[in-house]
Amino acid sequence: LAERTNLAGVQHILLVLSGKGGVGKSTLSTELALALRNAGKRVGILDVDLCGPSIPRMLRVQDSAVHQCDSGWVPVFVGQDKAIALMSIGFLLERSDDAVVWRGPKKNALIKQFVTDVAWGDLDFLIVDTPPGTSDEHISTVEALRPHQLLGAILVTTPQ
Amino acid sequence: AEAAELRARLRAVRHTVLVLSGKGGVGKSTFSALLAHGLAADETKQVALLDIDICGPSIPKMMGLEGEQVHQSGSGWSPVYVEENLGVMSVGFLLSSPDDAVIWRGPKKNGLIKQFLRDVDWGEVDYLIVDTPPGTSDEHLSIVQYLSATHIDGAVIVTTPQEVSLQDVRKEINFCRKVKLPIIGVVENMSGFVCPKCKNESQIFPPTTGGAEKMCQNMNVSLLGKVPLDPQIGKSCDRGQSFLAEAPESPATLSYRNIIQRVQEYCEQHQLQEEKIM
Numbered sequence: 001l002a003e004r005t006n007l008a009g010v011q012h013i014l015l016v017l018s019g020k021g022g023v024g025k026s027t028l029s030t031e032l033a034l035a036l037r038n039a040g041k042r043v044g045i046l047d048v049d050l051c052g053p054s055i056p057r058m059l060r061v062q063d064s065a066v067h068q069c070d071s072g073w074v075p076v077f078v079g080q081d082k083a084i085a086l087m088s089i090g091f092l093l094e095r096s097d098d099a100v101v102w103r104g105p106k107k108n109a110l111i112k113q114f115v116t117d118v119a120w121g122d123l124d125f126l127i128v129d130t131p132p133g134t135s136d137e138h139i140s141t142v143e144a145l146r147p148h149q150l151l152g153a154i155l156v157t158t159p160q
Numbered sequence: 001a002e003a004a005e006l007r008a009r010l011r012a013v014r015h016t017v018l019v020l021s022g023k024g025g026v027g028k029s030t031f032s033a034l035l036a037h038g039l040a041a042d043e044t045k046q047v048a049l050l051d052i053d054i055c056g057p058s059i060p061k062m063m064g065l066e067g068e069q070v071h072q073s074g075s076g077w078s079p080v081y082v083e084e085n086l087g088v089m090s091v092g093f094l095l096s097s098p099d100d101a102v103i104w105r106g107p108k109k110n111g112l113i114k115q116f117l118r119d120v121d122w123g124e125v126d127y128l129i130v131d132t133p134p135g136t137s138d139e140h141l142s143i144v145q146y147l148s149a150t151h152i153d154g155a156v157i158v159t160t161p162q163e164v165s166l167q168d169v170r171k172e173i174n175f176c177r178k179v180k181l182p183i184i185g186v187v188e189n190m191s192g193f194v195c196p197k198c199k200n201e202s203q204i205f206p207p208t209t210g211g212a213e214k215m216c217q218n219m220n221v222s223l224l225g226k227v228p229l230d231p232q233i234g235k236s237c238d239r240g241q242s243f244l245a246e247a248p249e250s251p252a253t254l255s256y257r258n259i260i261q262r263v264q265e266y267c268e269q270h271q272l273q274e275e276k277i278m
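Protein chains in written order, with UniProt numbering: chain A, 1 to 160; chain B, 1 to 278.
The following block holds chain A by itself, in its conformation from the complex (with noise of 0.2 Å):
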């Protein structure tokens, strides 16, 4: 039995990882969806960055929430015709400052809802924007996307 996930028509999964921290990553997940967009294909983002999220504010819906629906959490729709959609836990936050100080466990258990468990619909293209480092997130992410088409990983860097 085929069960239709909620990853199922998602054409292409693209991590963006570095090693090094502030070195463009999250300002090239959303250049890219927006070329993406562009260029016509329909596009998500996934902001697993669960202690530093920037993607909300990158693309202007810092102040957004979400909600649930049958198939799980809607992600919150961005860009100038509102049709690049995303998913970070900077909407789940009360308020933008407040610190997210989590033990891995608690991350993995959250990385795996917001893949599996958000109603992405049809895509063409998945970003996922990750943190710095080789950690959890990583793993978890990996781990969970798995089971799905992904087509690879976009290493970002700066020259030294």
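Check the hints yourself; a few may be wrong.
Claimed, not checked - The following label-pair restraints were derived from C-beta to C-beta distances:
no., chain 1, residue 1, chain 2, residue 2, range
1, A, V66, B, P107, 27 to 33 Å
2, A, Q113, B, H270, 42 to 48 Å
3, A, K82, B, A3, 52 to 58 Å
Note that these hints are calculated values from the structure, not bench results.
All residues carry an ideal CB built from backbone N, CA and C; glycine is no exception.
Position chain B relative to chain A; hints supplied.
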């Protein structure tokens, strides 16, 4: 019993400073390294630099210690010494190759951090500087928890001027408040660039929401200083040299030195107050 072990090991540490940021790539490790160099310039002071960024340890390279290994003795792990009075510890020294990824979940990272504090024979230390990775997670919770066995003078929080950094740094400030970690102050790195040829100043990372200055006012924390961008900083870091020694005339060096002095004064004030109470 564990707490007692940590207390015993850290008993001879007089001052502890954590270097934090919510944001990555703002210059925590750079600042930690220069703070260590600055404090160790006084040969009568013993300085220890502990790098708890397990996934991306920058300190070995910045201190010119790549390729060094950690030795064990009867009294524990020996730090790697840059100078006689400046010892360093980092996961970087435990890797067989600098490109090896440390792909560990939280609990394993916590275990290593505890080992760094419990098993490293730091000896008598005037200043223990702890460089941290970006975020507010396992490493940060653990270091605050383990260091409660001694006391932490406070945290220096590093940022750059743009709002995308500040929004993560506000979280870090709130983290410090949540875990009752005193905040020594905030350092704003990459704060403007002065062209060495035409002397014109540019804001490479414009402070669209008022920069660290406004944030510090709003959140009632000290702004320790602003450090301008200087390409020599990155070069010195890459080459493992002290930027303060390589470019003594740079405006960035002057800023760093002022900030280091303020951190020192804070620690000494703190100690005087404690001695008064006792």
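**Asked** That 27 to 33 Å hint for V66(A) and P107(B) (C-beta), does it hold up?
**Response** Holds, since V66(A) and P107(B) (Cβ atoms, about 30 Å apart) stay within the stated range.
**Request:** Mind checking the hinted window 42 to 48 Å against the Cβ distance between Q113(A) and H270(B)?
**Result:** holds (43 Å)
**Prompt:** Given a hinted range of 52 to 58 Å, is it respected by the beta-carbon distance of K82(A) and A3(B)?
**Reply:** holds (54 Å)
Checked against the numbered hints above, the structure breaks none of them.
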